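Combine both chains into one complex, guided by the hints.
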Amino acid sequence: AQSVTQPDIHITVSEGASLELRCNYSYGATPYLFWYVQSPGQGLQLLLKYFSGDTLVQGIKGFEAEFKRSQSSFNLRKPSVHWSDAAEYFCAVVNNNDMRFGAGTRLTVKP
Amino acid sequence: DAMVIQNPRYQVTQFGKPVTLSCSQTLNHNVMYWYQQKSSQAPKLLFHYYDKDFNNEADTPDNFQSRRPNTSFCFLDIRSPGLGDAAMYLCATSREQYQETQYFGPGTRLLVL
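Residue numbers (our numbering), protein chains in the order written: chain A, 1 to 111; chain B, 1001 to 1113.
Think of the hints as simulated: they come from the structure by calculation, not from any bench.
In this text, all values refer to a predicted model and were calculated from it rather than measured experimentally.
We treat Cβ as the ideally placed atom computed from N, Cα and C, and that holds for glycine.
Please note: incorrect hints may appear among the correct ones.
Pairwise CB distance ranges (calculated) [unchecked claim]:
1) E20(A) to D1077(B): 36 to 44 Å
2) P1018(B) to G16(A): 44 to 52 Å
3) F51(A) to L1083(B): 37 to 45 Å
4) Q1097(B) to D8(A): 26 to 34 Å
5) N96(A) to L1113(B): 35 to 43 Å
6) F1054(B) to N96(A): 13 to 21 Å
7) G1016(B) to R106(A): 29 to 37 Å
Just chain B, same shape as in the assembly (with noise of 0.2 Å):
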């Protein structure tokens, strides 16, 4: 039973090009959270809605947006992506926010030519 879906899993656009990740979840849960993890590395936090309340990293380039329609949805979007963007994008939940166990989707892996 899956509880945090990406998709896609593979994503491939162009330098420039702009994109768009998804996220739901089945857990109605209050927050979604947006890591982005290159080769190697930590994930590193983006962002994240605690409901509808947007909350933006410091250090997040503003070519990272995202949307939050509803409970379940969340949307990546990157308005021109770099090579520097290339990375697996991953999009976790929680119940409440950061004390709470996170439950990690499979990720959305993003190549840029």
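Looking at chain A on its own, in the form it has when it is part of the complex (with noise of 0.2 Å):
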């Protein structure tokens, strides 16, 4: 079955520190990959998406992510995390028109 796994769901990093956020999919081709932020009682907002071309895709806020097609993943990174970015933090995949959400991923940033 297709599918989104987002395997943390909740991280603690301190202010300043280094993040990535994992997700992994299993589609039968490369699907169209997004990252989407969440913040509390807040709508979901874009942070970057990958459709093809190059592997390593820049975003808004400081956020990054790689597609590896080898290890079907699309993780999320920031070299230096703001107190600011604490949220919940979606993947979602489409492939074929079915879109997919990740279970989410909870930030939490300590001072």
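Dropping the structure here:
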């Protein structure tokens, strides 16, 4: 079955530390890949997306993600986390007009 | 500049009492989506409109209906809300379907008493 997996339900990092949020998918072909962020009580905001081309994608707020076909992964990274990055992060995958969200990773940022 | 607007932000209804949630967009996008998001879970697509064409997800209960009277507006009707329907309801739009970026509204949190 097609699926999107975010293995980490909750991650805590210190402010200024680096961050990596994991996303794995199981689809036959290369899907379209997205990362969204959701602050408490708010809608989702697109951070970045990958359709094709360069496998390292730059997004807003200093985030980047790397598509690795061999690992079926699209991990989100940020070199230095800010307190305002505390939020829920969702990976989303589209394949053949079937869109699926991962279960999300909640990020807590320690002072 | 608000692009996807949802009203109200919070809605309280009674068990079994019909309720309508509203979404409007200023982007002139072809596609409008409704998602249900329960606490600590991923958004779950209920249905979407491509222009006037309605597309229902296979597992969306019959209790949930939608209307799109024009390009800008889309409504979610819950005919007989149950306690299990309490959730955040997110509206989103995209220029074309799925592989395009979806723009989300702030959501309406529904409480069923």
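> For which of the previously enumerated hints does the structure constitute a violation, in increasing order of number?
Replying inline: none
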